[in-house]
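Generate coordinates for the entire structure from the input sequences, incorporating the hints supplied.
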Amino acid sequence: MKPNRRIALTVEYDGTHYKGFQLQNNKPTIQGELEEALKRLTQQSIRVRGASRTDSGAHALGQVVDFNVDSKLETEQFIRGLNFYLPKDIGIQSAHEVSEEFNARKHALTRIYRFNILNLPHQSPLKRYTHHWIKEVLDINIMRDAAKELVGSLDFRHIAANYPHEVNTTRIVKRWEIWREEETIIIESEANGFLRHQIRRVNSILVNIGKGKWQKDILHETLKTGFPLGWKPPSLPSKGLCLMKVTYPYNWQKVEHETY
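Numbering follows the working numbering, with no gaps: position 118 of the sequence shown is 118.
What the hints contain is simulated information worked out from the structure, not anything from laboratory work.
Heads up, a few of these hints could be off.
[To be verified] Beta-carbon label-pair distances, calculated as ranges:
1) Gln-43 / Lys-174: 39 to 45 Å
2) Asn-141 / Ser-45: 26 to 32 Å
3) Pro-164 / Leu-120: 39 to 45 Å
4) Pro-249 / Gly-91: 24 to 30 Å
5) Asp-145 / Pro-121: 22 to 28 Å
6) His-220 / Met-244: 25 to 31 Å
7) Thr-170 / Pro-249: 17 to 23 Å
8) Asp-155 / Ser-124: 33 to 39 Å
9) Val-151 / Arg-196: 36 to 42 Å
10) His-122 / Pro-164: 40 to 46 Å
C-beta atoms are modelled at their ideal positions from N, C-alpha and C, and glycine is treated no differently.
Right under this line is the structure:
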């Protein structure tokens with residue numbers, strides 16, 4: 001049966017109990033749960049494509065996925081049906097029929113990630129799976145100053161996970177912003193894409209700068225020649241990371257067909 005429609009979904013999830021977005025054999029993943037729910041709803045084996053491959057334990061407020069399906073279900077029925085079959089820590093927020101050329105990953109203009117730091121002398125039980133707890137006082141002004149190094153077209157090879165030399169590790173960073181909301185320090189980054197471990201390692205450097213342990217020029221040095229204190233920078237835990245939004249250069253949510 002040839003798929004004759006392409007559907008795109010906005011997906012929200014708590015990634016605490018999953019080994020990331022991307023499908024893995026015999027391991028719980030967001031993609032695996034979505035595909036299982038689609039199979040139960042449509043009685044078809046459907047492959048889902050995500051805009052961003054979130055890490056194990058990371059969360060999403062605005063992940064975008066697309067898939068082909070041969071079905072007359074209305075988009076609202078996809079929302080209700082999938083939310084019925086999905087576990088409670090994954091939810092469909094919107095569904096739209098899109099053109100058959102739409103590709104949630106390749107057509108994405110930017111991804112926006114937020115890292116949440118609970119900056120209190122004591123831990124919060126309610127935020128233990130969504131915030132990284134740091135009890136030391138952080139100087140966010142010096143962190144902001146250091147983060148200026150991160151904007152532009154930059155090669156993150158010395159920071160991200162190991163990649164073969166033929167792989168392009170340059171990313172175009174639109175912004176890397178830091179601010180405080182009461183007891184939470186938020187680090188939000190937007191780029192055309194992110195490498196594996198890139199965000200959590202960069203933010204680890206920023207945190208150590210904010211603690212006063214490292215000088216702010218260590219970020220510039222790491223980007224240019226490599227991490228001076230070891231092979232790779234340390235990484236913050238993924239539980240503080242959340243994919244907030246995926247942006248596109250056009251309105252992908254336009255519905256092409258309203259009746260069937």
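Quick check: which numbered hints come out false for this structure?
2, 9
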